[in-house]
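These protein sequence lines are chains A and B, in that order. The end of the first sequence is residue 320 by full-length UniProt numbering, with every number in the run present. The end of the second sequence is residue 320 by full-length UniProt numbering, with every number in the run present.
Hints should not be assumed to be uniformly reliable.
No farther apart than 27 Å at their CA atoms in a straight line, the calculated lysine-lysine pairs in the DSS-like style are these [said to hold, decoys possible]:
(1) A:36 - B:16
(2) A:36 - B:22
(3) A:314 - B:22
(4) B:313 - A:11
(5) A:11 - B:91
(6) B:22 - A:198
(7) B:11 - A:36
(8) B:314 - A:22
(9) A:22 - B:36
(10) B:141 - A:16
(11) A:312 - B:11
(12) B:312 - A:313
(13) B:149 - A:22
(14) A:36 - B:314
(15) B:149 - A:91
(16) A:22 - B:22
(17) A:22 - B:141
(18) A:91 - B:313
(19) B:16 - A:91
(20) B:22 - A:141
(21) A:141 - A:36
(22) A:91 - B:314
(23) B:11 - A:313
(24) B:198 - A:22
(25) B:198 - A:54
(26) B:252 - A:314
(27) B:36 - A:11
(28) A:11 - B:141
(29) B:36 - A:16
(30) B:313 - A:22
(31) A:141 - B:11
(32) A:149 - B:22
(33) B:36 - A:141
(34) A:313 - B:91
(35) B:91 - A:314
(36) B:16 - A:141
(37) A:11 - B:312
(38) B:198 - A:312
In short, the hints are calculated from the structure, not lab data.
Chain by chain, the residues run as shown.
There are 2 protein chains.
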Amino acid sequence: MDEFSFIDSIKQNTYKQSSLIKGVGDDAAVFRSDSKDIVTAVDTFVEGIHFTRKTMDPYHVGYRALGANVSDLAAMGATPAFYLVSIVIPKNWAIEDISQIFIGMKDLANQHTMDLIGGDTVSGIELSISITVIGFVEEEKARYRSTAKEGDLVFVTGTLGDSQAGLYILMNEGNYEDTNYYVERHRMPSPRIDFAKKLSYLSRVTLNDISDGIGNEANEIAEASEVTIIIQDELVPVHSSYYQFSPELQHKWKYYGGEDFELIGTVPESEWETVQHIADQTNTMVTQIGYVSSDKGNDVFLYRNQQKEQLKKKGYNHLK
Amino acid sequence: MDEFSFIDSIKQNTYKQSSLIKGVGDDAAVFRSDSKDIVTAVDTFVEGIHFTRKTMDPYHVGYRALGANVSDLAAMGATPAFYLVSIVIPKNWAIEDISQIFIGMKDLANQHTMDLIGGDTVSGIELSISITVIGFVEEEKARYRSTAKEGDLVFVTGTLGDSQAGLYILMNEGNYEDTNYYVERHRMPSPRIDFAKKLSYLSRVTLNDISDGIGNEANEIAEASEVTIIIQDELVPVHSSYYQFSPELQHKWKYYGGEDFELIGTVPESEWETVQHIADQTNTMVTQIGYVSSDKGNDVFLYRNQQKEQLKKKGYNHLK
Numbered sequence: 001m002d003e004f005s006f007i008d009s010i011k012q013n014t015y016k017q018s019s020l021i022k023g024v025g026d027d028a029a030v031f032r033s034d035s036k037d038i039v040t041a042v043d044t045f046v047e048g049i050h051f052t053r054k055t056m057d058p059y060h061v062g063y064r065a066l067g068a069n070v071s072d073l074a075a076m077g078a079t080p081a082f083y084l085v086s087i088v089i090p091k092n093w094a095i096e097d098i099s100q101i102f103i104g105m106k107d108l109a110n111q112h113t114m115d116l117i118g119g120d121t122v123s124g125i126e127l128s129i130s131i132t133v134i135g136f137v138e139e140e141k142a143r144y145r146s147t148a149k150e151g152d153l154v155f156v157t158g159t160l161g162d163s164q165a166g167l168y169i170l171m172n173e174g175n176y177e178d179t180n181y182y183v184e185r186h187r188m189p190s191p192r193i194d195f196a197k198k199l200s201y202l203s204r205v206t207l208n209d210i211s212d213g214i215g216n217e218a219n220e221i222a223e224a225s226e227v228t229i230i231i232q233d234e235l236v237p238v239h240s241s242y243y244q245f246s247p248e249l250q251h252k253w254k255y256y257g258g259e260d261f262e263l264i265g266t267v268p269e270s271e272w273e274t275v276q277h278i279a280d281q282t283n284t285m286v287t288q289i290g291y292v293s294s295d296k297g298n299d300v301f302l303y304r305n306q307q308k309e310q311l312k313k314k315g316y317n318h319l320k
Numbered sequence: 001m002d003e004f005s006f007i008d009s010i011k012q013n014t015y016k017q018s019s020l021i022k023g024v025g026d027d028a029a030v031f032r033s034d035s036k037d038i039v040t041a042v043d044t045f046v047e048g049i050h051f052t053r054k055t056m057d058p059y060h061v062g063y064r065a066l067g068a069n070v071s072d073l074a075a076m077g078a079t080p081a082f083y084l085v086s087i088v089i090p091k092n093w094a095i096e097d098i099s100q101i102f103i104g105m106k107d108l109a110n111q112h113t114m115d116l117i118g119g120d121t122v123s124g125i126e127l128s129i130s131i132t133v134i135g136f137v138e139e140e141k142a143r144y145r146s147t148a149k150e151g152d153l154v155f156v157t158g159t160l161g162d163s164q165a166g167l168y169i170l171m172n173e174g175n176y177e178d179t180n181y182y183v184e185r186h187r188m189p190s191p192r193i194d195f196a197k198k199l200s201y202l203s204r205v206t207l208n209d210i211s212d213g214i215g216n217e218a219n220e221i222a223e224a225s226e227v228t229i230i231i232q233d234e235l236v237p238v239h240s241s242y243y244q245f246s247p248e249l250q251h252k253w254k255y256y257g258g259e260d261f262e263l264i265g266t267v268p269e270s271e272w273e274t275v276q277h278i279a280d281q282t283n284t285m286v287t288q289i290g291y292v293s294s295d296k297g298n299d300v301f302l303y304r305n306q307q308k309e310q311l312k313k314k315g316y317n318h319l320k
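Next up, chain A with everything else stripped away, as it sits in the complex:
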C-alpha cells in the first residue's frame, strides 16, 4: 500500500458532525461553530516513551492515544467533535499495523461521534502520533483549573492507579486477580465526557484530567487557583482487588501513576448533591477525596495514617 492508498483507506466516506463543512481532501478542513466556544488540544505519543508493542497492540496504541486527547476535552467540559492525526511511520512498522492504530482511534471516535478531518503521513525512524482534538462547549462553560475556592469539596471519578496496575501486570508475569480489568483500563481508557458535559448545569466546577496522577493534577489546581488542597488517603477510591499489590506500588500508582484518564475536580459543597446526581445519570463513580482549605501556600497535603505529608509535583520531565 502506498501513501495515497493508505490515506484513502483511513478517510471517512461520510461524516457525523453536522457542523463540518469540508473534511479530508483539501488544503485544510472547514467547520462552523454555531455559537459555541471551540476547545482544542494536541498531544504526541512516541513509541518507546508512551507505549511499547510489548504491552499494546497497534489497535490499543490508537485507542489510548485518542482517549488521552479526548480526556483533555472532558476536563474542559467540552463535547468532542473532530480530530486530526499526524503520524511519523518508520520502515519497521507494517502498513497493516498502522491501519490498526487508525481503527483503534476510530472505535473510540465513534463512541463520541467524532470525525477525522485532517492529518499528515510522513516517514521517519521512530513511530510518533500527534493528535489534535477539537470540541465545542457552551459559551462561558469551559471548565478551568483556576476556579477552585476555599471550602470546595475535592472529588475524583472512577478508581485510581488501575492503568499503572495494568501496565505492571503486562510487564511482570504472575497470578493476578482481575487481570483483564486492569489491562483494559491501561489499554482502553474511558474519558469522562458524558459526566463532564452534564456538569454544565453547575455554575462553578474546577476540572483537571488525571493523566499524571492526582499528586500532580491536584497541584496544578492548587497553583492555578491559588488554594491549598487537602486529600485524605483512605477516601481515594481504588478497585476492590487493588490491595493485591504492595503498599508502595499502590501509593505510587494512585498518586503519581497517571494515565487513568479520570477527572479530579472541586465544587462548592452546595453543589455536591447535583454532582452525585449527574454521576448517577451518567453511570459514573464519583468520590469525595478531600477539600480546599484556607491554608496559604498553594500546596497539596495528604492525610495518611494520622500523618500529614505534602504531595509534591513529580511529573515526567521529558527534557531532563
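Following the hints, complete the assembly by docking chain B onto the known chain A.
Here is chain B on its own, set in the frame of chain A:
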C-alpha cells in the same frame, strides 16, 4: 533547562487574538469564532526528511515549518489566528536550538497576528515538529480545489522553482547569481495570506497552495474539479536569474520542486481584472499560466516547444 522551564520560556505573556478565551496553561485552549467558519490543518516536519541542519538553522526550521502550514490557510482564503506545536526532541539537540525553532515560528506568527495556544513537548530519538494551524474565513468563502470550471484562467502567484534552487545552492558549492534571494526563498517562505484573503471579493476562485510543485497541484485541481488544465511553459513565471541553472533542473523545480508556498488558482475570465487589482494592492506578482479546457480526462497538459505533453502527479510518497 527542564521541560517546565522550557514551556514557560516559549509561552506568550500576552495574546493578540481577541477571539482567544484561554491560551496555554489548562487542559486545552478555548476560543470563539464570531460567526466565521473555522479552518484547520496539521503538518509534520521530520529532520532528515523535510530538513537537515546542513541547509537550515534551527530558526529557519521553525519559520519554514509554520510557513508551510500558514500557506495551507492561504489556500483556503483564511485569516490565520492560532497555532499549536507538538515537538519530539532528541538528546542531540540543545534546548537553545529548540528555542530558536520556536523563535523562527514566532517571527512568522507575528507577521500574521497568530498566537501559540497549545502544544506538547516529548523526548524521542528523532526531531519532529507537528504544527496545527487554525484560521477564520467568512461563511461560504472558504476556497476549494473543486470549483474550477471550463473556460477559467489558471494563474500562479510569485515565481516558481526558487525554493529548490535555494536548496541546490546550499547543497552544491559554486558561484551563483542571487544566492541570497534563492536561499531565503528556501528558508523563509512568504505564504500569500493577504492576497488570498482579498480574493473574498470574488464569487468564485479555486485555490491550491504550491507545496509539491504545480505539476502535482494542478493535477489536484483537475481531479477535484473534474476538469482538464492546460499550462503553457513559456508563461510560467521564474526569477530573472533562474536561467543560470540547467534546463533539466529548471523544468524539474518549476513543476515538481515544490515548497515555493505560492498559490495556483483558477478564476472565470471576467474576474481576471479584479484578481490583478488585488495583486497590485497586496504587492503580489500574479501571472496567467494557462486555462481550463473542455477536454475530458481530468488531466493536466503542458505546451512546451510546440509540443503537448502530459504533466503527471509525482508526489513524494512517504510509504513506498
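Can you list which hints this structure breaks, lowest number first? 5, 12, 14, 15, 19, 25, 26, 38
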